[in-house]
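If you read the protein sequences in the order shown, they are chains B and L. In the numbering used here, each number is its position in the first sequence, counted from 1, plus 1213. Mapping to the numbering used here: the second sequence position 267 is 257, numbers consecutive.
Hint data in this document are derived by calculation from the structure and do not stem from the laboratory. Backbone N, C-alpha and C fix where the C-beta goes; we use that ideal spot for every residue, glycine too. Some hints could be false.
Label pairs and their calculated CB-CB ranges [claimed, not checked]:
1) L:Val322 / B:Gln1242: 29 to 39 Å
2) B:Gln1324 / L:Tyr357: 54 to 64 Å
3) B:Gly1254 / L:Leu283: 32 to 42 Å
4) B:Lys1333 / L:Val322: 20 to 30 Å
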Amino acid sequence: MLNLRGIEKAYPLAGGTLPVLKGIDLTIQQGEMVAIMGSSGSGKSTLLNVLGLLDGFDSGGYDLDGVDMSGLSEKQAARYRSQFPGFVFQSFKLIAFKKGGENEALPLFYQKVPRRERQKRAMEMLGKMGMDDRADHLPSELSGGQKQRVAIARALITEPRVILADEPTGALDSSTSHEVMSVLREVNGSGITVIIVTHEADIAAKCDRTIRLHDGVIIEDGRSGEVVEPTANGAGSTD
Amino acid sequence: MMGLDRDRLIELVQVVVRNPLRAFLSALGVGWGLFMIIITVGAARGLENGVKADMGNDVANSMFAWTMSTSIPYKGYQRGRGLELDIDDVKWLEANTQHLDLVCPEIQLGGWQGTNNVIHGKQSGAFDVSGAIARYQEVKPMNITSGRFLNQADLDAERKVCVIGSRVQDILFEFGENPLGETVQIQGVLFRVVGVYTPKGNDEDAQNEAESIYIPFTTFGKAFNTRDRVGWLSMLIKDGVDAEEAEEATKQLIKSRLSVHPDDPRAIGCWSMAEEFQKAELLFSGMRLISLLFGSLALLAGVIGITNIMLISIKERTKELGIRRSLGATPVRILRQIIGETLFLTLLAGLCGLVLGVGLLEAVDGYLEGGGDAGVFRHPEIDFGTVLTVLCILLGMAIFAGILPAIRALAIKPVEALRAEG
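Chain B with its partners taken away, still in its complex shape (with noise of 0.2 Å):
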């Protein structure tokens, strides 16, 4: 379970500084497939990088199955990262010189896992990503579809709590996109938490949960089917 106690998080600008998230109370369970939403800079992919621990926070507090993540160095906050979630980017964020099956078994590498296992647990993976034989190519001869199920096998081989996928169909067409939260589906099938950030309505329609933000605000947090649609001021902007 992720419970967020009043985050708030600002950027240091000249001459002051420019709040991005504004007093977040959050709780998200084990196995919820949850969207999050909002305008440019309404603050979802900083949440979202607090939720992963790449990104701190000024004031608030975040529990992890119970256990408090602030205050953590970043040699605590590496090891969190290695083994509760796994990330999934817009932009597919692979290693250019880096095989597909070498870029999916990184996180075990950093896990100090052997090589014999870190490739067994790569293959099986892929085979289930239907992507086994696309373990010897770089990235640059992947296309997009593929690229995302390698950065997606690459968040499931830690066998991670949570996936958090920021944007993961972004750069996709409408087929591969269906495709790639299809997978994403099946993986919060098996009780792995899903929380995606996404500017796509009908995305956020096929996850159970979607949170509105605004203005570093959370304003609307119910069902996806029971989210309101986007408003004029831009508050529930998909765009």
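Guided by the hints, dock chain L onto chain B, whose structure is given.
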């Protein structure tokens, strides 16, 4: 921390080979620096070996002393008194010195480097003729190519025998003619040749030595009417005794024996091979140090080049480092990776420079061994200790080179790195 297993090695190789031209160019500076160290240190050693080989005609702890005239009045004697040594002075010196192992009396016909007409049959030539004792070879080593050197029996019996240098043989004897048992005439006195030698070394002194003839010291006194007079002393300093100290002590002993003022600067002449060796050793140590210093500076320039390339590389790899951080790479892992990459590149380049440098030295050595002429240059080489020193310097520089890029890499926040393009 810097342990290297297969996984890390693969990581390092991947990073280095993904931009081979850049890796090669940045490595070139370090390789060149190390190559220069090996070549300059090896060349300095070659020069040292060559000079020492040329000095091989003399023993490292040999010393020579001779008398001149006084410059200070003393004990009723006027200044300008001519001094002479005789065989009793030699025996007295031997009995009283604490610094010398051997004192050999020597005298030359016609004085120092005075040449004399020597005849064999219809051939004749002008050569140095010296009176020496049997142990003279210990001070002036020579290769006896046939026969023998003078022995004590020659001296005791005052035999008219001689040992001739190789050039003397060439000039006085026909090609293929065996000189042993033949006689040569020196100032009308016949001497039987009992040995032929070639001098050690290649310098001018060695060339002169090849044109010399040695006869027993005792025979010399009788044959040329010099009686017990000694031209100069050839001596060996005891092991572990400082050459300068031995020289001063010996001069003072001779001065006291000949009633010369202790402060007289001119009365006794002295020349010490050991001192020359020490000076040469100092010179070559200086050369080695300078070679190492300038080579290290060249190496430093190469290492700074690698630091620069690594800094550029870190900037370009911001996204990659962000991905690694997001996947669980701890700061220590990133630090280890960046320093490891720098070390890998630097050591690889350094080893290439080392191998090429040693290879070139070996090739030059092979050429010289095969009869190539390089003047005063012999066996260019580099010893293992110097190689180890250079590798340690390289290792230190490589770690130094990696620290700045590693710190730069660590300063990148994961979230900022993930936003980076490229």
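Hint-by-hint comparison with the structure:
In this structure the supplied range 29 to 39 Å holds for Val322 (chain L) paired with Gln1242 (chain B), their Cβ-Cβ distance being about 35 Å. Checked against the given bound of 54 to 64 Å, the beta carbons of Gln1324 (chain B) and Tyr357 (chain L), roughly 57 Å apart, stay inside it. Taking the beta carbon of each, Gly1254 (chain B) and Leu283 (chain L) are about 59 Å apart, not inside 32 to 42 Å as hinted. For the hinted restraint 20 to 30 Å between Lys1333 (chain B) and Val322 (chain L), the CB-CB distance of approximately 27 Å keeps it satisfied.
In the structure shown, a violation is registered for the earlier hint numbered 3 alone.
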